[in-house]
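Fit chains B, C and D to the given chain A structure using the hints.
Chains as they are written, first to last, in the numbering used here: chain A, 1 to 310; chain B, 311 to 620; chain C, 621 to 930; chain D, 931 to 1240.
Any given hint could be a false lead.
Claimed, not checked - Derived DSSO-like pairs (lysine-lysine); straight-line CA-CA distance at most 30 Å: (1) B/K466 with C/K776; (2) A/K218 with B/K368; (3) B/K524 with C/K827; (4) C/K678 with C/K776; (5) C/K905 with C/K776; (6) D/K1148 with A/K207; (7) C/K827 with C/K869.
What the hints assert, rightly or not - Distance ranges between label pairs, derived from CB positions: (8) B/V540 with C/K838: 26 to 32 Å; (9) A/K219 with B/F351: 29 to 35 Å; (10) C/A865 with D/G968: 51 to 57 Å.
Calculated directly from the structure, the hints in this document are not laboratory data. For glycine and all other residues, C-beta sits at the position ideal for the given N, C-alpha and C.
There are 4 protein chains.
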Amino acid sequence: LSTHKTIEKDNTGFSNLSTHTNTRMVNADGSINVVKIGQSFFDRYSLYRVLIVTSWAKFILFILTVYLAFNVLFAVMYYLIGVEHLGGVNFSSEADAFLECFFFSSQTFTTVGYGRISPIGLGVNIIASLEAFVGVLIIAVFTGLLYGRFSRPVVKIIKSSNAVITNHKNGKALMFRIVNAKNSVLSDAEVEIRLSILKEDSSGIMKRRYYELKTEIKKITLFTLSWTVVHPITEDSPFWEMTEADMEKSDAEIIILFRAFEDTFSQNVNSWLSYKNHEIVWNAKFKSIIDYQDNTVSVDLSRIDAYEII
Amino acid sequence: LSTHKTIEKDNTGFSNLSTHTNTRMVNADGSINVVKIGQSFFDRYSLYRVLIVTSWAKFILFILTVYLAFNVLFAVMYYLIGVEHLGGVNFSSEADAFLECFFFSSQTFTTVGYGRISPIGLGVNIIASLEAFVGVLIIAVFTGLLYGRFSRPVVKIIKSSNAVITNHKNGKALMFRIVNAKNSVLSDAEVEIRLSILKEDSSGIMKRRYYELKTEIKKITLFTLSWTVVHPITEDSPFWEMTEADMEKSDAEIIILFRAFEDTFSQNVNSWLSYKNHEIVWNAKFKSIIDYQDNTVSVDLSRIDAYEII
Amino acid sequence: LSTHKTIEKDNTGFSNLSTHTNTRMVNADGSINVVKIGQSFFDRYSLYRVLIVTSWAKFILFILTVYLAFNVLFAVMYYLIGVEHLGGVNFSSEADAFLECFFFSSQTFTTVGYGRISPIGLGVNIIASLEAFVGVLIIAVFTGLLYGRFSRPVVKIIKSSNAVITNHKNGKALMFRIVNAKNSVLSDAEVEIRLSILKEDSSGIMKRRYYELKTEIKKITLFTLSWTVVHPITEDSPFWEMTEADMEKSDAEIIILFRAFEDTFSQNVNSWLSYKNHEIVWNAKFKSIIDYQDNTVSVDLSRIDAYEII
Amino acid sequence: LSTHKTIEKDNTGFSNLSTHTNTRMVNADGSINVVKIGQSFFDRYSLYRVLIVTSWAKFILFILTVYLAFNVLFAVMYYLIGVEHLGGVNFSSEADAFLECFFFSSQTFTTVGYGRISPIGLGVNIIASLEAFVGVLIIAVFTGLLYGRFSRPVVKIIKSSNAVITNHKNGKALMFRIVNAKNSVLSDAEVEIRLSILKEDSSGIMKRRYYELKTEIKKITLFTLSWTVVHPITEDSPFWEMTEADMEKSDAEIIILFRAFEDTFSQNVNSWLSYKNHEIVWNAKFKSIIDYQDNTVSVDLSRIDAYEII
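This is chain A alone, in the form it adopts within the complex (with noise of 0.2 Å):
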C-alpha cells in the first residue's frame, strides 16, 4: 500500500488517539462523541446553554417546574406566617386556605395582582413584595432563555446517507451531496474535510493516522442549490489504490466541517458531519435533484440520498 505521497495532517485535534476501533469520533447528528470527566456537573455544563440547546418539550417543563416551585414554596411562607395577613381571603377548610396562599402567590408571582386577596401586615407584605421582584427576574430570565432559543443561529445541512466512490476525469472521486434544508441564504460556504483511518505500517501493524481530503472546490460563493463535494482519488489521496476489501478493515471515518456565512443573522455559521466506512459506497453516482420549472429552479430535499450503481 503506498501512501508516501499523501498528506498527512496531523491537526486535526484527534491525533493522540490510539488504534482503538469502532469509535466514531462525530455521530450522525453531528454531535462529538466525547465525554468529558473529573468534574462537577456544573463545572462541564453552563445551565444558559443546557436550556438553549434542549428540547422545547423539555424547556417549557422546566420553566412550568421553576414557576410551580416557586408559587409552592411562597404560598407555604404565606400560610406560615398566617392566612390571616390576607385580605379577602375565602376559605372552609385548611387545604382552601392553602390554595388562597397558592393562588395569591401566582398573582403576586406574574404580577397579575387582581387585588380581591391582597397582603395586610409586615410580614406578608414584605414576602409579597419580595416574590413580586423575583417573579419579575424569573420572567426577565425565561425572557432571555426563550430569545436565545429562537435568536441562536440554526443552519441544518442536510447530507446524502451515502458517500459514494465514483468514475471522474479518467479517475476515481469519492462524492458525497449535501444542501441547506432551510430557506436561509449562505454565502461562501466552505467544507474541511479530516480522514481518520487505520492503515497498516512498515512491519504490518494496523495504526490510526489521519489525512485531510483535498476536494476540487473547497469554497462556493453562494450555497442556494445542492453541492456535490468531490475527493479525487489521485495519487496523493490516501484511498490511492485502496480496494472495497481494504475500505471493511479500515475503521475509516470521514469528518467534515462545513462552515457558511448565514446572511439574515449575518453570523457564521459551523456544522459537522461524518461518514463511517460501512457509509461509502461503491461504484454509483448520484441522480440530480435540480428541476426547472418557468423561470425557478427547485431542489427536491427528499431525493437527496438517491444514487445509481454504475
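Frame of chain A, contents of chains B, C and D only:
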C-alpha cells in the same frame, strides 16, 4: 469568439445548472430565485426567521391574532367552568357573560389584573394562574421578536438600475455604481462578481458557463461615498470582443456579492445584487452624484441612475 | 518633489473626490463628514439606530414622550366613550374626570391595574384590553432599545491630540499615540493608515492624491498599554523630502482605521481617527505615560498628549 | 548565550516596557495586570460591562439595592404628599403609615398593583404613574443585564498548572496542556505564544526582550480532546542552550493567546493564559488523560496537571 484566456470559475455554487434560459438567480430585490421542495413547510422555514423578515403590517397582524386567539381560548374555558366562579362579574345576558369572561381573560393575559373581576374557586384559579404565566411567556416571545426585528443588521445597498459599458484607459470597461443608502458607516467594503452566461462551444452549441469578473479595486476601506465598480474588459474578460448583439443573445447575469463591516453594530453584512443582460447599457457613462458645500461632501442618492450616452 | 517611489493607493473610497480643500473626511470625534441627500429621512436613518446612538438625555426624553402621548391618546378615548363606563371614578369637575381617565390609562398601559378604577361595558373594555396589549408591546420595544444601548460594543480609543514628526533610526518618522480608554481587553489590534493630500503634478497644478502610510508594526497581539504608531519617512513615504512649509500648504489628512477584537463581548470593533496637517508637530517626541508600582504596570491617560520639542 | 538566530518579535504590545522584574502581564486567572490612571472611574469602566462580568452574588446584591432604593425614594414621596391620598391604607402609627407607603410603592414598581391601596388625587397619581413607568424601565434594564450575563460566550480553558521541558524528536521541547472545560464544541482552535524574558546583552546588562515561540501545530480543527501544545527548542528558540539555572534568573513569562470558534453560539472566543519561569518543570512529561470505554472517548480533567519526571 476567443475565450481561451478567460478565467472560468466553477465555484459560484451554480455550476450544475444546465443551459436553461431566462432564469434569474438573484432577483432585483436581492433575494435568491431558488425554491426548495420535498419537505414540509416547518422544515424549510424557521418560524422565528419568518417573523423577523416579514413586513411590519404582517407582523402586527400576527401578534394581534395570537393575542386574540389566546383570549378567546381562555374565555371559553372560564365560560365553560362557569361565570359564577368569577367574582364581581356583571351581566344581563349570556353574551354579556361571555364578554366578561373575555375581558377577564385579557386582564389576566396582560397581567393588568384590575381585580373588579377576580377568580374564585379551584378550577378558575388554576386556569387564571396558567393564563397569567402563558401571557407572560408569550409577551416574552413578542419582546424577543421585536428586538430581533429591530436589531437585525440592515445594510441597504442601492445599485444603479443599469450597468454601463464605457471607454476606460484605452479600452472598454463594464461599470456599475453602488451606494450605502443608510447613514451608517461601512468599513472594508468589497465586491465579488460572477458572470453566468451562455457561450457557443466549439461545435456551435450554446452552453452555460461561469466566470469571475475581475475589478480594478476589490475592496475599499471606507464606503461612505458612491462606489463605481469597474471591470476592465481586457483580453481575459469573458466580454472581450463581445458585441451588443452577442450580449442580447447571451442570457447573461452578473451576480454581485457585496460584503462590509457595519461599524455601529460591529457586524459583517452581506448583500446580493444582480444585472441581467438587458440591464447593461452600451457606450454610456455615469454622471457624478457628489457635491461640495462649504466643508462637507454630499452624495445625492436620487441621481444614482443618471448616465449619459457617449 | 520626488514621489515616484511612493505607493499610491486608490482603495480609500475617497478617490473620486476633487481637489476641494479644507474638507475633513473624518471628524475629530471619529464620525464621518459626508452627508447623503436625495431621499427621505426614514430611508436614510433606521429609527432603531438613531435611538441606540443618541444621548441618554434625548433617549429618556423620547421614551417619556411616547409614554405620555399614548396615555393622553387613550385617556381621550375613555373620556369620549364616557367616564361613567369607568367604575370607581371619583370626580367633581370635567377636568377631574379627564384626569381620572388619564390615570386609569397609565395604570392600564403599565399593567399596574390597581382596580380602584376598572372598565365597565363593551367599549371601554375593548379599548382597555387593547391599551394593555399595546403597553406591553411598547414596553417590549423599550426593553429591546435599552438592551441595545447597553450591549453595543463600545471601544473608546483616545488618540494624542497631535501627531509628531521626530527622529527615528537615522531618519525621520511620523508618530501618534493611542490608548484604549476602557479597562477592557483588546486583542489583535491593528491600524490601517491612509493619507489624503494635495500634491503638485508635473504641470504645477495641485491635485488631491491618496496614499497608504506604512507602519513599522501593523498589528499588536494585546493592546493594553499605550501604542505609539510609527510611520518611518523613508523614500517610499509621501512625506519624503517634504518640509514644514510644504505640509502647511498640503491640506493633508491622515485617516486611521483602528480594528481590534474585544474579549469580554467577543466582538470585532472598529474606530476611525484623523489628523489634519495643522495637527502635526515637527521635531517633537512623546513623553512616556507608563509607570511601575510594585508588581503592576500603570498607564496614565491624562498625559497622552504630552510631548517635548527636540 | 547565543540568541542571534532567534526571532525577536516586537508586536506583543508590551515592547515599551523596561527591565522591571517580578511583574506578571497576564494573571493566573487570565486577566491582564495593567492599571489605567488619569481619568475618572466612569470613563474607565462601562457600568454595563462591570455588571456583566461581576459575580452573581454582587450582581444580585446590586439589583436588590436598586429595588430597595427606588421603593424607599417613592415611599418618601408618597409619605410627604400625605398618606391620606392613598385610598385603603390602614395604619395606627406614623411608622405603619410609612410602611403602607413603602408597600404601595413596591406594588406599583413591580406593577403587581393589588389595589387595596390605590392613589387618589393629582399628586399621588402623578408620582404613581411615574413610578410604574420607571419600574417597567428598570425591570427592562435588569432583563437586559440578566440576558447579557447568560448569553456572554464563555469559554473556559483549563491549562496544566505547569509547563514542562521534555525530550522531543532528538532534542528538547517546551510543552503545556490545555483542555476545554465545558462540553461545548470549539472549532479552529489556535494558540499564539509570546515570551517576555530578561536576557544579557553584549555588555552584560539584563534587558527585557520579546519573542514569538513557534509551535509544531498552531491550529487544530476540532478542539474536543486535550491539546498538548509543543514548542520545539531548536536553534531559533530563545530557550536554545538555556539551562535550568538561567531560567531561574530570567523572570520569563510565557503569554498565550488562545482563539477558537464556539459552535453553539457561533462566536469567536479569546482566552489568555500565562506561565512564569517558576511554573516550568524541567525533564518532565505529561501523563495521558484520555480513556476509552466501549465506543466512547473520555477526557479526565482532574488529571490535567499530572506529569512524571523523566
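(message) When the structure is checked against the list of hints, which entries are broken? Sort them ascending.
(response) Per hint list: 2, 10 violated.
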